[in-house]
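Undergrad: We have chain V; now place chains G, F, U and D with the ligands onto it with these hints.
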Amino acid sequence: EPGAAENAGRPSAASQKLVVALKPDKNPDQMMEERQSLSKYLSEKLGREVEVVIPVSAAVINEGFSNGTVDIGYLSANDLINSKDAELLLVGEINGQTTYKSYWLALKDSPYDSVEDLKGKPIAFASKTSTSGFVIPLWDLKRRNLLGDGNDPEAFFGKGNVFYGTGYLSAVERVLNGQAEAAAVSYYVLDEDKHLSEEQRGRLKKIQEQGDVPTHIIAIRSSIPAAERAALKQALLELNDGANTGLRDRVVTSKLVEAEQEAHLRPLKDALSVLPK
Amino acid sequence: MIEAAIKNAVEVDGLEIVRGGRSMFTEMSWELPDGKFLAVTGPSGIGKSSLLACLGGRLRQHHGTFRLSTADPRQVGVIFQNLRLSRNLSVLINVLCGQLGSQPWWRTLFSFPAAERQRAFEIMCELGIGELANKPVRKISGGEQQRTAIARVLYQSPSIIFADEPTSNLDAGLSAKMLGILRNQCDTEGKTAVCVLHDAELVEEFADVELRLDSRVEHGWSLRKIR
Amino acid sequence: MIEAAIKNAVEVDGLEIVRGGRSMFTEMSWELPDGKFLAVTGPSGIGKSSLLACLGGRLRQHHGTFRLSTADPRQVGVIFQNLRLSRNLSVLINVLCGQLGSQPWWRTLFSFPAAERQRAFEIMCELGIGELANKPVRKISGGEQQRTAIARVLYQSPSIIFADEPTSNLDAGLSAKMLGILRNQCDTEGKTAVCVLHDAELVEEFADVELRLDSRVEHGWSLRKIR
Amino acid sequence: MPRLSWRERFTAFRATLLLFAIAVIISLPAMTGSGRDLNYWENFMRFAGKFFPPDLSVTPTVLVALGETIQIAVMATFFAAIIALPLAVAGSQNIAPRWMNLVTRMILNVIRTLPSLIWALLAVAVVGPNPLAGVIGLTFYSIGYLGKFYSDAFESIDAEVSDGLRASGANAVQSFQYGMLPQVKPLILSHVLWMLEYNIRSAAIIGYVGAGGIGLLLHTYQEFGHWDRFSTVLLFILILVTTLDLFGEWLRGKILRDD
Amino acid sequence: MPRLSWRERFTAFRATLLLFAIAVIISLPAMTGSGRDLNYWENFMRFAGKFFPPDLSVTPTVLVALGETIQIAVMATFFAAIIALPLAVAGSQNIAPRWMNLVTRMILNVIRTLPSLIWALLAVAVVGPNPLAGVIGLTFYSIGYLGKFYSDAFESIDAEVSDGLRASGANAVQSFQYGMLPQVKPLILSHVLWMLEYNIRSAAIIGYVGAGGIGLLLHTYQEFGHWDRFSTVLLFILILVTTLDLFGEWLRGKILRDD
Ligand SMILES: Nc1ncnc2c1ncn2[C@@H]1O[C@H](COP(=O)(O)OP(=O)(O)OP(=O)(O)O)[C@@H](O)[C@H]1O
Ligand SMILES: Nc1ncnc2c1ncn2[C@@H]1O[C@H](COP(=O)(O)OP(=O)(O)OP(=O)(O)O)[C@@H](O)[C@H]1O
Ligand SMILES: [Mg+2]
Ligand SMILES: [Mg+2]
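Chains as they are written, first to last, in the numbering used here: chain V, 16 to 292; chain G, 11 to 237; chain F, 11 to 237; chain U, 362 to 620; chain D, 362 to 620.
In short, the hints are calculated from the structure, not lab data.
Here the structure is a predicted model, which means the values were calculated and not measured.
Fair warning: there could be bad hints in the mix.
Unchecked claim - When the alpha-carbon atoms are kept at most 25 Å apart in a straight line, the in silico BS3-like pairs for lysine-lysine are as follows:
1) U:Lys-546 to D:Lys-615
2) D:Lys-615 to F:Lys-145
3) D:Lys-411 to V:Lys-209
4) U:Lys-615 to G:Lys-145
5) U:Lys-411 to V:Lys-143
6) D:Lys-546 to F:Lys-145
7) U:Lys-546 to D:Lys-546
8) U:Lys-411 to V:Lys-284
9) U:Lys-615 to V:Lys-99
10) U:Lys-546 to G:Lys-145
11) U:Lys-615 to G:Lys-149
Chain V extracted, bound-state conformation (with noise of 0.2 Å):
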């Protein structure tokens, strides 16, 4: 067993210093910002040093998972999925649910109502590894029977017509200057305020859109022993009082809630079977 805490002769849990890695989300500059507070909030709760460090890429922290340097994670559905040392802890709740959608976009004054208006047209996803800029909107179009056999989405946009940006913006910026008619994002690219001016999402419409995405995660090192990992459990659940909510809707998604990791990741494990190869 990889795991480092529960070897005999080591140094004993509590007495080592916390790792939490995040994963950069939404906002990774307010993420950094907060980095400082957040390890002083949680080694205050939980009596022990913390240190907080941000992972570009969620390999990081499942390597970290595997070799017991990180536990605590907070990472997407996709990459707990590929998380072997891994367990679901607390997941974010957005506007009372733990799944959120995807949106197709495209100008509001465009003639699109759903997907299929989009045949033959050109099109952008966020990027070939984003879920709710990808795997999920894909999948949706599986689900009408609108891919061939291939899953290839040129077999439904046409050939050139797909467009695989860096991220939400890159994808949206298309649509906004005319390359591409509409751009599949996550919902709040359109819904809040932190990518796009509001200028600029007043000339955006959503003609359909998909899901459920499963929220973030606050994964936990599967060879951390219960009685801590209740400890944790119960600091990062104390994130939800009144005083403490500023601090974690900085960080997070919102709220964290209590959530079957089997259930939670369901929707995302489905639709990664439809990903070409």
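TA: Showing chains G, F, U and D with the ligands alone in chain V's frame:
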């Protein structure tokens, strides 16, 4: 002084050269008229190459002045003691490099004009390195390299030639032949040669004047007229 | 042949060297006993350096064999025609490099033992380049560089010395002094020298045997005993 | 025996070593580890194990992507190798005048400072997302590298021969072409081959501009944890890298000994 | 006048140029543009405009991140510069025996083939996500580059002097140290300085392993379109890059002329 009065190829006036904090010679003054051959002699490390470097403008003097009859670098040819050939280029190209200054750069970008190549080749044949034309310099013998450097200067055809031990790696026969060619250019074409030489016999045979650098004499130099 | 019978420093048997498709000489056979001084002469480009390169093991012969009295590279010293000094290192370090083979690499990694430095310095003083000890080789004159190369070989103190025009950049006095030192080592310490020379007088004065390379004679070489 | 004075011993080179040593000491905090007791070997093996055996079933996809990448990399390296030459000449203190050095080096520094992503975005902004944008982005990026490498190489060699040519009246271009270039030819070739290798290897730019290529494949396989496919891509890159490396070695040998 | 035969003209170098030309022609399809009629200048200005003026309010954050990055980069460059030297010696055909060249070059090729992400993951897998992992990852990565650059430099110079030393009995290490190293010292220094610059500039690894640094900042600012902050980071990087460049230039001049 009036411009027209200058008929000397080289005029040196009160020259002093310092190298590494040591003064090589002081108050050196002499004149060398057009068409003359000056031999510079003296023991190793006395400052012969330094004097040539100074006259060629690559080393600043400490005191005094000198003046050449031409300010055009194309009219001043130098054979360096360490030759300074492009070791990876062929002998022919190295010789052709002597005339780079007379050609605009786009004419020499890809190759040299055929007429120029022919002329360079003829000079090389005269010096006995004709059949090495296409060999890279790094693959020819020491004496052949030295003759390449001489050929380069002859091809350049400057009015003043500074030659630093141009025959050190050549046997007696070839040395005499090379110096003979230089001497002949002085006599017939009015060129001027300043040449560092070690061999006293060659000095007697070819030079008009000998400039001897010697730390034991006053000011470190003496001049002797040979013919 | 019985091992003990060899008392020759160099034995050459039926040697032929080809360079660039041209045969330099053929069927060259001679023997040089310990303590002798052989001068190699001949016009430029005839193959003198090639012969030395072959005997030093840096060039393969085309035909024939040769044998040195020692197989240890530390016992064979070479002065190259182009010196092959490390231009960016000081004169002293260059001289000390002569003994690299006798020291394990970790002893020479940071510096050389003080006793060795002293010994090298004494040789340098003998050759008149003592006060240049700390100057980088690229900043000394041509003749000084040549003496550095000679000092390196003297410091190496091999039993056979191959020297390729070791005095080409030196004046008559220094040339005689350098060859005198070599000659003396042959006489008193039983060392053997094979030395390319151009100056006939020096050959007469210092060599025991002259090996003349000449394309006009049969096989391209001839041997002459001087003393 | 003459001794070196304190000032003579303290050369610029040694001062630099000292400076570097001080920087290293100041940087020691960077060596902070996890403080946990880890089984390094086991961890290493677990990680390496993910990559084996490579999933060769994706070979066709990989080869197509590699083809796209190579095409773009070849074009960009070609343009950069040519454009960087005059820039490097202008940036070398032993060839061009000082003011020109400073201007050119500043341009090269700016080019290198902008990350490849920015070059890609810039190219896309100008010509749209297509292979051409990849070529343009990579070309600029490569000019920044080759320009510096070339001119460092020019500055690192003895300028004796070209100085000699200048003394006989040759102009800057000529004395460079005939006195310096022949000396640095093997180095320049090494750098160009390395640049080609670099462009193929890490052509993330090509992915950014939406032109596909192996950069995108690697990113995708990594995000979805397909490490066995990832290692297939690496295998093909390794074959390419090795081929270029051996070719470069052969060429340097040829140039120095035969040409 | 002697003429070169057809075979003599067709040197390895020219054959390579020809090969390269063919590769370029085959790669021409990469030059496919959008086919639309674009206003290049306007596009360019619109893009460049995003970066101005730089948002200097983030200066403190940037400086802290830069500090972290520099520390890690210095340590990694230091280790790599030392470790790469023996590897490069072993990988040079004019110094070490052939089998050793091939083995060493293969190792270096593998190191370069693995993307920086893999080095980061490997380091994290072994020591956990912390600055040490950054140092380890960058060190390996840099060894791959410096090892190749060093040995290319060794192979590109005339081995006459070191051959001469070998002939008098010096062993490989000695003839390298006294015959070759003095010649390539300026080049090696250039490469080390470039490596330091590269590590600072593009220390993506440091971002991967969660040790912060400017890699993370750039990633963040880009993801959220804060181009004015992005350009603040670039500004500081440019200052560093220029400092290192000028320092390198000064040092090369010193070494070649004075030391
Ligand atoms: N590296 C080489 N490769 C091919 N040919 C060479 C090489 N070095 C010299 N040669 C040729 O071999 C012949 C003999 O050269 P070598 O250097 O032995 O002459 P040498 O007698 O020493 O002449 P010198 O007195 O000019 O030094 C010359 O014609 C030369 O062109
Ligand atoms: N580049 C240099 N920098 C500093 N000092 C030098 C430089 N070149 C030569 N010297 C010194 O200046 C003095 C004169 O050197 P120079 O080369 O002029 O001598 P030379 O008379 O040509 O000797 P040789 O006959 O040995 O070539 C020597 O003591 C030498 O050490
Ligand atoms: Mg001299
Ligand atoms: Mg010779």
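Undergrad: All hints, please: hold or fail.
TA: Now for the hints, and whether the structure bears them out:
1. U:Lys-546 to D:Lys-615: Holds, at roughly 24 Å.
2. D:Lys-615 to F:Lys-145: 15 Å, holds
3. D:Lys-411 to V:Lys-209: It holds: about 17 Å lies between the C-alpha atoms, which stays within 25 Å.
4. U:Lys-615 to G:Lys-145: 15 Å, holds
5. U:Lys-411 to V:Lys-143: 22 Å, holds
6. D:Lys-546 to F:Lys-145: 18 Å, holds
7. U:Lys-546 to D:Lys-546: This hinted pair holds, its Cα atoms lying about 18 Å apart.
8. U:Lys-411 to V:Lys-284: 21 Å, holds
9. U:Lys-615 to V:Lys-99: Judged against 25 Å, a Cα distance of about 52 Å means the pair is violated.
10. U:Lys-546 to G:Lys-145: The given pair, whose Cα atoms are some 18 Å apart, holds under the 25 Å limit.
11. U:Lys-615 to G:Lys-149: 14 Å, holds
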